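Numbering of the sequence shown is given in our numbering, commencing with residue 523 and proceeding in unit increments.
Among the hints, erroneous ones may be present.
Straight-line C-alpha distance at most 30 Å; calculated DSS-like pairs for lysine-lysine [unchecked claim]:
1. Lys-717 to Lys-592
2. Lys-625 to Lys-638
3. Lys-605 to Lys-553
4. Lys-636 to Lys-625
5. Lys-555 to Lys-716
6. Lys-578 to Lys-716
7. Lys-613 to Lys-631
8. Lys-638 to Lys-696
9. Lys-631 to Lys-605
10. Lys-605 to Lys-709
11. Lys-592 to Lys-613
12. Lys-696 to Lys-709
13. Lys-710 to Lys-696
14. Lys-555 to Lys-702
15. Lys-705 to Lys-717
16. Lys-613 to Lys-696
17. Lys-716 to Lys-613
18. Lys-605 to Lys-713
19. Lys-702 to Lys-605
20. Lys-717 to Lys-702
21. Lys-578 to Lys-538
22. Lys-710 to Lys-592
23. Lys-717 to Lys-538
24. Lys-553 to Lys-636
25. Lys-605 to Lys-696
26. Lys-605 to Lys-716
27. Lys-605 to Lys-578
28. Lys-578 to Lys-555
Because the hints were derived from the structure by calculation, they are not lab data.
None of the values given here were measured: they were computed from a predicted structure.
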Amino acid sequence: METVTANNATELVRLKIDETEIFLEELGENKGKIIIANPYGHNYSMYWGSMGGTLKEFIVSISSDYFSDKLLGHISREVFCAKGTFRNVRKFIREELCLPWYKHMEFQKDFREKLKQFEENCIEINSEQYFVDQFNYYFSTAPNFHLIEDRWQMQDVESGFSNISEPWHFIATKESDQTKWLKNLHKKLNKELKKP
Numbered sequence: 523m524e525t526v527t528a529n530n531a532t533e534l535v536r537l538k539i540d541e542t543e544i545f546l547e548e549l550g551e552n553k554g555k556i557i558i559a560n561p562y563g564h565n566y567s568m569y570w571g572s573m574g575g576t577l578k579e580f581i582v583s584i585s586s587d588y589f590s591d592k593l594l595g596h597i598s599r600e601v602f603c604a605k606g607t608f609r610n611v612r613k614f615i616r617e618e619l620c621l622p623w624y625k626h627m628e629f630q631k632d633f634r635e636k637l638k639q640f641e642e643n644c645i646e647i648n649s650e651q652y653f654v655d656q657f658n659y660y661f662s663t664a665p666n667f668h669l670i671e672d673r674w675q676m677q678d679v680e681s682g683f684s685n686i687s688e689p690w691h692f693i694a695t696k697e698s699d700q701t702k703w704l705k706n707l708h709k710k711l712n713k714e715l716k717k718p
């Protein structure tokens with residue numbers, strides 16, 4: 523940890539954690555700025571105008587969630603999780619569409635294959651917009667409802683599938699890599715700042 527005093531009101535502390543450089547700039551009473559830079563594109567900065575103490579004390583007192591939220595700013599803290607999304611879809615089919623696995627086995631086998639392909643595409647593309655855009659095709663057009671022998675049951679199942687109008691409700695998210703990285707960095711920074 524290297525400290526440089528520029529004038530009576532400004533103090534700059536430079537730290538290096540792994541390959542990341544961190545600058546803590548005290549800008550006067552209860553004001554401070556943090557700058558984070560590393561060679562992998564993780565570059566952030568944040569200014570606080572009313573911290574109730576020094577920047578070091580403030581950073582040690584805040585949670586990793588608050589730290590990452592502030593430094594990310596408008597960048598999304600969460601990203602699309604295809605596996606969680608399809609877990610929600612399967613739960614909906616099982617519980618809400620009343621489609622038990624022992625009924626309409628040929629249809630279900632065909633539909634499971636198409637659902638698996640849809641999930642693989644979503645994992646590869648990794649976009650909630652793709653999931654929403656393709657949802658109607660995979661739930662209204664792609665299923666071969668004619669594999670259900672009884673006409674009335676076929677219409678009932680087809681109606682249940684076509685009545686799913688809000689695919690956004692299935693979307694699951696997970697913490698972004700940037701959020702995880704910042705939370706981990708905050709923990710390491712706290713250890714450094716607590717050293718005597």
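Right, here's what the structure says about each hint:
1. Lys-717 to Lys-592: holds, 24 Å
2. Lys-625 to Lys-638: Distance ~19 Å between Lys-625 and Lys-638 Cα, so the pair holds.
3. Lys-605 to Lys-553: Outside the cut-off at roughly 43 Å; violated.
4. Lys-636 to Lys-625: holds, 18 Å
5. Lys-555 to Lys-716: Holds - the C-alpha atoms of Lys-716 and Lys-555 are around 18 Å apart, at most 30 Å.
6. Lys-578 to Lys-716: holds, 9 Å
7. Lys-613 to Lys-631: holds, 17 Å
8. Lys-638 to Lys-696: holds, 21 Å
9. Lys-631 to Lys-605: holds, 20 Å
10. Lys-605 to Lys-709: holds, 29 Å
11. Lys-592 to Lys-613: violated, 35 Å
12. Lys-696 to Lys-709: holds, 20 Å
13. Lys-710 to Lys-696: Measuring from Cα to Cα gives roughly 22 Å; hence the hint holds.
14. Lys-555 to Lys-702: holds, 21 Å
15. Lys-705 to Lys-717: Holds. Lys-705 to Lys-717 sits at ~19 Å (cutoff 30 Å).
16. Lys-613 to Lys-696: holds, 18 Å
17. Lys-716 to Lys-613: Given pair Lys-716, Lys-613 is violated - Cα atoms ~47 Å apart, limit 30 Å.
18. Lys-605 to Lys-713: violated, 35 Å
19. Lys-702 to Lys-605: Roughly 19 Å between the alpha carbons, so the hint for Lys-702 and Lys-605 holds.
20. Lys-717 to Lys-702: holds, 24 Å
21. Lys-578 to Lys-538: Given that 30 Å is the threshold and the Cα spacing comes to 15 Å, the pair holds.
22. Lys-710 to Lys-592: Roughly 17 Å separates the two Cα atoms, so the pair holds.
23. Lys-717 to Lys-538: holds, 14 Å
24. Lys-553 to Lys-636: With Cα atoms ~56 Å apart, Lys-553 and Lys-636 exceed 30 Å; violated.
25. Lys-605 to Lys-696: holds, 10 Å
26. Lys-605 to Lys-716: violated, 39 Å
27. Lys-605 to Lys-578: Given pair Lys-605, Lys-578 is violated - Cα atoms ~40 Å apart, limit 30 Å.
28. Lys-578 to Lys-555: This hinted pair holds, its Cα atoms lying about 10 Å apart.
Comparing the model with each earlier hint shows violations of hints 3, 11, 17, 18, 24, 26, 27; every other hint is respected.
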